[in-house]
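Position chain E relative to chain H; hints supplied.
Each protein sequence line maps, in turn, to chains H and E. Per this note's numbering, residue 1 is the first one in the first sequence, and the count goes up by one each step. Per this note's numbering, residue 1001 is the first one in the second sequence, and the count goes up by one each step.
These are calculated hints, taken from the structure and not from any lab test. Among the hints, a few may not be true.
Listed below are the simulated DSBU-like cross-link pairs for lysine-lysine, each with C-alpha atoms no more than 35 Å apart in a straight line [what the hints assert, rightly or not]:
#	chain 1	residue 1	chain 2	residue 2
1	E	LYS1360	H	LYS60
2	E	LYS1149	H	LYS75
3	H	LYS61	E	LYS1148
With beta-carbon atoms standing in for the labels, derived distance ranges [stated by the list, open to error]:
#	chain 1	residue 1	chain 2	residue 2	range
4	H	SER359	E	LYS1207	51 to 61 Å
5	H	LYS269	E	LYS1075	47 to 57 Å
6	H	ASN152	E	PRO1146	54 to 64 Å
A virtual CB, placed ideally from N, CA and C, is assigned to each residue, including glycine.
Protein chains: 2
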Amino acid sequence: MTEDKESFPQNFLSDPLRQHKPYIPGEQPSSAERTIKLNTNENPYPPSPSVGDKAAEEIKKLNLYPNPKSNQLRKVIASLHQISMEQVIVGNGSDDLLNLCVRAFADSNRSVGMLDPSYSLYEVLASIQGAQLIRIPFASDDFELPLKKVTNCSANLFFLTSPHAPSGRAYQLELLDSVAGNFNGVLVIDEAYADFAQQNAIPLLAKYPNVIITRTLSKSYSLAGLRVGYAMGNPSVIQVLDRAREVYNLDRIAQAIAQAALEDQKYFKETKQKIIESRIWISDIFAEWGWRMIPSATNFIFCKPLDHSGTGGAQIANSLYSFLSTQGILVRYFPQNKLTESYIRISIGMPEEMSMLVSKIKEWQHQGQLK
Amino acid sequence: MTEDKESFPQNFLSDPLRQHKPYIPGEQPSSAERTIKLNTNENPYPPSPSVGDKAAEEIKKLNLYPNPKSNQLRKVIASLHQISMEQVIVGNGSDDLLNLCVRAFADSNRSVGMLDPSYSLYEVLASIQGAQLIRIPFASDDFELPLKKVTNCSANLFFLTSPHAPSGRAYQLELLDSVAGNFNGVLVIDEAYADFAQQNAIPLLAKYPNVIITRTLSKSYSLAGLRVGYAMGNPSVIQVLDRAREVYNLDRIAQAIAQAALEDQKYFKETKQKIIESRIWISDIFAEWGWRMIPSATNFIFCKPLDHSGTGGAQIANSLYSFLSTQGILVRYFPQNKLTESYIRISIGMPEEMSMLVSKIKEWQHQGQLK
Chain H
1 MTEDKESFPQ NFLSDPLRQH KPYIPGEQPS SAERTIKLNT NENPYPPSPS VGDKAAEEIK
61 KLNLYPNPKS NQLRKVIASL HQISMEQVIV GNGSDDLLNL CVRAFADSNR SVGMLDPSYS
121 LYEVLASIQG AQLIRIPFAS DDFELPLKKV TNCSANLFFL TSPHAPSGRA YQLELLDSVA
181 GNFNGVLVID EAYADFAQQN AIPLLAKYPN VIITRTLSKS YSLAGLRVGY AMGNPSVIQV
241 LDRAREVYNL DRIAQAIAQA ALEDQKYFKE TKQKIIESRI WISDIFAEWG WRMIPSATNF
301 IFCKPLDHSG TGGAQIANSL YSFLSTQGIL VRYFPQNKLT ESYIRISIGM PEEMSMLVSK
361 IKEWQHQGQL K
Chain E
1001 MTEDKESFPQ NFLSDPLRQH KPYIPGEQPS SAERTIKLNT NENPYPPSPS VGDKAAEEIK
1061 KLNLYPNPKS NQLRKVIASL HQISMEQVIV GNGSDDLLNL CVRAFADSNR SVGMLDPSYS
1121 LYEVLASIQG AQLIRIPFAS DDFELPLKKV TNCSANLFFL TSPHAPSGRA YQLELLDSVA
1181 GNFNGVLVID EAYADFAQQN AIPLLAKYPN VIITRTLSKS YSLAGLRVGY AMGNPSVIQV
1241 LDRAREVYNL DRIAQAIAQA ALEDQKYFKE TKQKIIESRI WISDIFAEWG WRMIPSATNF
1301 IFCKPLDHSG TGGAQIANSL YSFLSTQGIL VRYFPQNKLT ESYIRISIGM PEEMSMLVSK
1361 IKEWQHQGQL K
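Okay, chain H solo, but in the shape it has when bound (with noise of 0.2 Å):
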């Protein structure tokens, strides 16, 4: 090293790195604190009991290379969606594929679009690419989908989260489809929540080469702790982002669990029903109070609090996320975007969780009422 030390590594940076900014995930508390945990859309109820002896089976050939393909997985995969294998490729989380659709096609000159707000990360895949980013806002706390904005946008990679985060809104088929056929790029489909929802997209991957759709195994599945994701599109695209792939990018183990948890689908659809059944027992306690909601077709609800007087907004949405954060429940709020700063978001967990949610919410309420 000849160089003046003092300017480095800033001298040695990429030009996308100079100005990189890093995802910032929601608070992960240490296992130490005791709380109830509402923030990150994690599953409350544990992976199918079917995993531990997957696991516990590829420990002793732990010392050999995985499967690079993860061709059973994807076998089970293509499987479960009526699909063919070549349309399936799997990934270390969804965020691994999204990362892989950045890769093969954007770059300096071919730019990334997504709808604002939606999962922050596509921005920071964009930023690390050297794409430039181009953002299509709601028109309205409705968050009903700018179809005309999006189809028009001269983006070559477009992220639609659907259903949307964090407003929790689905969008109809009929809606996808047409996006789908105006839009001319690559259409990612980010159904990182569509097991909650009533509708996916998958009906247009036999209609539309240039749709992706991303799903994870983080939420219905209960594996957040686990990275795998897989994205299904034309065998044409899943050869493209095999090329981009991490030669080894799932290790043993993983392929197994998810493997396992995939195979149990009586498992998957009971904690399903469970996390729905809870979400309208919480919606409805939420609407008898008068707060607004977007209908959600996901693992959380995304709520406008009112306080005692009836009285929404920024300052009350933050006065009801820091009072909760004090008691220990953890939930979201995202004060960066006025569609957002009057609202909070609540994943779904225990009942008995949900329960105490409840009744916190409502000292809070006394509380202002006091004052």
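The following block gives chain E in isolation, referenced to the frame of chain H:
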């Protein structure tokens, strides 16, 4: 999708992807086939018996996201090498860390350097980043480090494989010190095999801010199937790599198993010793036969086979490689390069596997004699 479907997805590819060729790993036979697998430098011993319990504990918590920074694992690594936690980053295999180095320190104006031949993944990573590749060839099949050529090259980021692969040759610390001191860029010393060597480059970390050392648990810790690696460097460099990193790059089970394996130093040393003993045993036999070998500081042997008449060369190496393959013994052959085409690379397996290898080589020699 309004454009001609025929042109899809080619017309939408990012510039780097248009030419990109992925890494081709060594053959991974299906578990049904009975083979002696000496082709991808896996460890023949299973991982430490302590890893099973650690994995089982984590399975119950898989519904929760992992610690995004893998902090416990970083602590264990820092303590093992007597450096600070701020000097450590972990990844999904050392490939993940090599990729982060490229994303952080290479782009279309900042080139990547590598020894030729060495680990072909460096080229793949540079290609997908759209960075130019500078190959520094060896002068001969002694694989002596071409010091001046490395330090004079214009690469912004240089990958130096030490011990070298595929030759297995060790480079002295003084020589690496010279490279680090005279190279005006980021020097990655890829120590994938360093645990099998007498020396390593860790002392350079205190001296040079531009040195990054990468390690993998795939080889010496019997965890090729798990995908865990780490990098050590100046805190300012580690911060940069952390900014480029995927937020949850290592799952809960991988973090726990890696930690357990690193903490079981007794098992690590025992299995390492066994491999070194097997390496000496097979090297002595090849030496007796008059085979040229690079003294190995790794868990593999790079040797130039001779047939019954004492002749070596590309044809002979290819003949032995093919013969062993028909006998269910997989080794690695690199015909693409003049310096390697007369050699084969053999991973150190179990003692009984090495005995079988020796008797099969004798059979091959004998067959040649009969022709």
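**OP:** Could you check the structure against the hints above and give me the numbers of any it violates, in ascending order?
**Re:** As far as the earlier hints go, 2, 3 and 5 are violated by this structure, in ascending order.
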